[in-house]
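Participant: Here the protein sequences line up with chains A and B, keeping their order.
Read left to right, the first sequence gives residues 0 to 438 (numbering that gives the first Met the number 0).
Read left to right, the second sequence gives residues 0 to 438 (numbering that gives the first Met the number 0).
Careful, some of the hints might be misleading.
As the list claims (entries may be wrong) - Below, a sample of chain A positions facing chain B; criterion: calculated Cβ distance under 10 angstroms:
{"no.": "1", "residue": "E37"}
{"no.": "2", "residue": "L49"}
{"no.": "3", "residue": "D62"}
{"no.": "4", "residue": "K70"}
{"no.": "5", "residue": "R101"}
{"no.": "6", "residue": "E191"}
{"no.": "7", "residue": "E209"}
{"no.": "8", "residue": "Y309"}
{"no.": "9", "residue": "L359"}
{"no.": "10", "residue": "S371"}
Said to hold, decoys possible - Derived lysine-lysine pairs resembling DSBU-like cross-links, with alpha carbons at most 35 angstroms apart:
{"no.": "11", "chain 1": "A", "residue 1": "K29", "chain 2": "A", "residue 2": "K222"}
{"no.": "12", "chain 1": "A", "residue 1": "K150", "chain 2": "B", "residue 2": "K234"}
{"no.": "13", "chain 1": "B", "residue 1": "K150", "chain 2": "A", "residue 2": "K390"}
Since the hints were derived computationally from the structure, they do not count as laboratory data.
Built from N, CA and C at the ideal position, the CB exists for glycine as well.
There are 2 protein chains.
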Amino acid sequence: MSRLQPPRGTRDFLPEEMSRRQYIIDAVRKVFSSFGFEQLDTPAFESWELLSKKGGGGSEVKDEIYYFKDKSDRELGLRFDLTVPLSRVVANNPQMKLPFKRFQIGKVWRYDRPQAGRMREFMQMDVDTAGTEKMTADAECIAVAFESLRKLGFKDFEIRLNNRKVLNGLIEFVGIPSNQSKATFRVLDKLEKVSREETVKELGRIGVDESAVSKLMKMIEVKGKPSEIIEKTKKQMGDIAVAAEGLGELEKIAALSKSYGFDRNLVVDFSLVRGLEYYTGPIFEISVKAGKKVGSVSGGGRYDNLIGLYGGKETPATGISLGIERIYEIMKTEGMFKGAGDSCSIFVVSVNDSVRKNALEIARKLRQGGVSAETDVMGRDMRKQLEYANKKGACCTVIVGPKEVKEKKYTLRNMKTGKEAKLSIDSIVKKVNCSLSQK
Amino acid sequence: MSRLQPPRGTRDFLPEEMSRRQYIIDAVRKVFSSFGFEQLDTPAFESWELLSKKGGGGSEVKDEIYYFKDKSDRELGLRFDLTVPLSRVVANNPQMKLPFKRFQIGKVWRYDRPQAGRMREFMQMDVDTAGTEKMTADAECIAVAFESLRKLGFKDFEIRLNNRKVLNGLIEFVGIPSNQSKATFRVLDKLEKVSREETVKELGRIGVDESAVSKLMKMIEVKGKPSEIIEKTKKQMGDIAVAAEGLGELEKIAALSKSYGFDRNLVVDFSLVRGLEYYTGPIFEISVKAGKKVGSVSGGGRYDNLIGLYGGKETPATGISLGIERIYEIMKTEGMFKGAGDSCSIFVVSVNDSVRKNALEIARKLRQGGVSAETDVMGRDMRKQLEYANKKGACCTVIVGPKEVKEKKYTLRNMKTGKEAKLSIDSIVKKVNCSLSQK
Chain A
0 MSRLQPPRGT RDFLPEEMSR RQYIIDAVRK VFSSFGFEQL DTPAFESWEL LSKKGGGGSE
60 VKDEIYYFKD KSDRELGLRF DLTVPLSRVV ANNPQMKLPF KRFQIGKVWR YDRPQAGRMR
120 EFMQMDVDTA GTEKMTADAE CIAVAFESLR KLGFKDFEIR LNNRKVLNGL IEFVGIPSNQ
180 SKATFRVLDK LEKVSREETV KELGRIGVDE SAVSKLMKMI EVKGKPSEII EKTKKQMGDI
240 AVAAEGLGEL EKIAALSKSY GFDRNLVVDF SLVRGLEYYT GPIFEISVKA GKKVGSVSGG
300 GRYDNLIGLY GGKETPATGI SLGIERIYEI MKTEGMFKGA GDSCSIFVVS VNDSVRKNAL
360 EIARKLRQGG VSAETDVMGR DMRKQLEYAN KKGACCTVIV GPKEVKEKKY TLRNMKTGKE
420 AKLSIDSIVK KVNCSLSQK
Chain B
0 MSRLQPPRGT RDFLPEEMSR RQYIIDAVRK VFSSFGFEQL DTPAFESWEL LSKKGGGGSE
60 VKDEIYYFKD KSDRELGLRF DLTVPLSRVV ANNPQMKLPF KRFQIGKVWR YDRPQAGRMR
120 EFMQMDVDTA GTEKMTADAE CIAVAFESLR KLGFKDFEIR LNNRKVLNGL IEFVGIPSNQ
180 SKATFRVLDK LEKVSREETV KELGRIGVDE SAVSKLMKMI EVKGKPSEII EKTKKQMGDI
240 AVAAEGLGEL EKIAALSKSY GFDRNLVVDF SLVRGLEYYT GPIFEISVKA GKKVGSVSGG
300 GRYDNLIGLY GGKETPATGI SLGIERIYEI MKTEGMFKGA GDSCSIFVVS VNDSVRKNAL
360 EIARKLRQGG VSAETDVMGR DMRKQLEYAN KKGACCTVIV GPKEVKEKKY TLRNMKTGKE
420 AKLSIDSIVK KVNCSLSQK
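Chain A extracted, bound-state conformation (with noise of 0.2 angstroms):
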């Protein structure tokens, strides 16, 4: 038989990478619970029903998700991402007590084309607040995801806000019908793909006027600090009232941006559209550059309508995700799992068959400690444990022989070092526990 590999747009996570994306997990999970923000789980599959509810969905949706019945011939497929579960639960539970602050850390699944960096299935990191439409909770949500980014230790981050509003407004402004609203956003969205020459063309071929494509491409070229911005676009557009609406949106989250401590890294960008077409009031983007590297981590925005289409009472909601497949490249590449999520753990060798029980009981000893110690369970010689402790990186050694038994003090080796020392287990167990705290 060949050898079975994972399903195409899948992967398996070995035990070395593994331990690093569950550091960037709970790292993450810490910084979410530091806000008040509390933990959900949903089911890894909805109902179809559900999800062709999002973004106008139907046959549309079908063909990007997976998609399957059950034995009873309910329609079912795999949730595509945590908001439509988080609105479901919303609008199922009118009982919750609003806020809900929730964040939820799980894998999604998307019937995409597999290139490099972008599997079928992926982990999504999200938090939202329901039941408030006070823009503080929009600011938090950007601080989370900052605070959080910041946690794993990245340092230069652009934020880039836009609002919905502001971008209807602006449609309103260039003169370009609203019945060409959807599909001029949907070119826009993919400015950044393709050169500035594609998105005046694309424009044209979808019938937006020569005029107000030339004006609207002038438009969202306007990038940012939120001080110079907002009064100029307000003194153009003011009297749209959407676009007041939105701007005064962006103008409350700048302000508030520096009491959460991202007011530096605060930029309005008109270009920033945002693929779903749920989206309703302010709209953001993290990008974080790391050497060579710039590349969005995070995004989110205001959905207040969404709630409501899931038969729930009409909740305002705004949230933010964080991709765990990017953040680990980009922090892989930069080399900035130094010491991340490393721990000590300590191999109890046994010098031959006679003591290994003694080397089972004092890794236990040495587990009841709080120190993580593990034995062969191969029957091998000394030399090949020694191997073995040495590949799997364990930071020391507890050499176990008779005559250490007799003595009750053991042989402990740094094995980065290569310094020894005779101790008693309750000696190990201190100066291990002690090096890690000091860490």
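Since the structure of chain A is provided, determine the placement of chain B on it from the hints.
Facilitator: Frame of chain A, contents of chain B only:
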């Protein structure tokens, strides 16, 4: 629109429950690691070709899993356990250093009839060691599960131990022809759920000779301390090679149990069969007694042929699985979550709108000091903020008013005791961190 529920056989975990599940997962993960097991992650779905191989497979398996095709007509299925993916990973990675001591914590899906405490989506926490036929690996797996349960606060255990080889020998010993052995095991596996009489009848129905049945029923009633049972059984059926081999394995595990610390909980029980057909040696199951509840929460065994079946080099392996849903239910019923996973979080209250920004900044500084701190995002008045803090279980509040801002000292109120103190931010951080570390 009516409310949309989670699909049949699945459910949501709202924060209160989820934080406790996460507490279990974190505790168990820590114990797994402390024994030198390393984390693996694999896709939620696997190829049908892989899934169908286990236990004879074919259409029988198809009825019990979520089977579907992707858009290129690839046959897939949601994984129904974590052993199959592990075996695939070992088979696919011949470069891997052995022993491969891995753990995996993740959801699995089975298309069973949903019933109380048994969902179609549930979570398993597995440790397995691939690459050694030594009984030390089996004993270690039992020890890891045992220590995980102890860590969670369980005190009263029964570890039932049997061996497939002994069972095969037993079949021969009582005179059941080998072509009836599989069917016989299948009947015996249900013994705990049906009465002794039913079992006897059922064995007759599948054609087992009456005198063999009565001998068999007597043999499988054998249960007790390894020291009492193994020697005695050796005398009875020690001349059946496979039985002698199996008994020798049990003897080794019993001898190791003292070093691993689970000797007092270990019983040999010849009625233990464990359904899965791929087991080849020792099989084991751990029940916990907590209050009036006794329940199997963990089980596993040795499967020396599975990895070879998946196209890898023949690789002996053994492992054990912990079921989080049962553990959770017992811990909840028995009040074992007291203080578990509790952490102190502070709610920073603004006395009025003029100090909202100050409250945000204070919360930020508290978080920088390592304390969880939340503020209002609803624009609520002070009374409502306090209500919310109370409902959410904040351990303390920090009251911020104009006077406090001026003095740079804020009222820290313990929400349990009602005690108050006026402190600087630094002092609040110290006080909260200190009271946490004393827990």
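Participant: So, for every hint listed, does it hold in this structure?
Facilitator: Hints versus structure:
The criterion of a C-beta within 10 angstroms of any C-beta in chain B is met by E37 of chain A, whose closest approach is roughly 3 angstroms, and the hint holds. With 10 angstroms as the threshold, the beta carbon of L49 of chain A comes within range of chain B, its nearest partner Cβ sitting at about 5 angstroms, so the hint holds. Contact between D62 of chain A and chain B, as hinted, is supported at the beta carbon level, the nearest pair being about 7 angstroms apart and thus within 10 angstroms. With 10 angstroms as the threshold, the beta carbon of K70 of chain A comes within range of chain B, its nearest partner Cβ sitting at about 6 angstroms, so the hint holds.
With a least beta-carbon distance of about 7 angstroms to chain B, the hint placing R101 of chain A at the interface is held under the 10 angstroms criterion. Of the supplied interface hints, the one on E191 of chain A is violated, with its beta-carbon coming no nearer than about 27 angstroms to a beta-carbon of chain B, more than 10 angstroms. Interface restraint check for E209 of chain A: the shortest CB-CB distance to chain B comes to about 39 angstroms, outside 10 angstroms, so the restraint is violated. The interface hint given for Y309 of chain A is met, as the beta carbon of that residue sits about 6 angstroms from the closest beta carbon of chain B, less than 10 angstroms.
Because the closest C-beta pair between L359 of chain A and chain B is about 4 angstroms apart, less than 10 angstroms, the hint holds. The beta carbon of S371 of chain A comes within 4 angstroms of a beta carbon in chain B, closer than 10 angstroms, and the hint placing it at the interface holds. Distance check on the hinted pair: K29 of chain A and K222 of chain A sit about 33 angstroms apart at the alpha-carbon level, within 35 angstroms; holds. A hinted pair counts as satisfied when its Cα atoms are at most 35 angstroms apart, and K150 of chain A with K234 of chain B does not qualify at roughly 64 angstroms.
A hinted pair counts as satisfied when its Cα atoms are at most 35 angstroms apart, and K150 of chain B with K390 of chain A qualifies at roughly 29 angstroms.
The structure is inconsistent with the numbered hints 6, 7, 12, although it conforms to all the rest.
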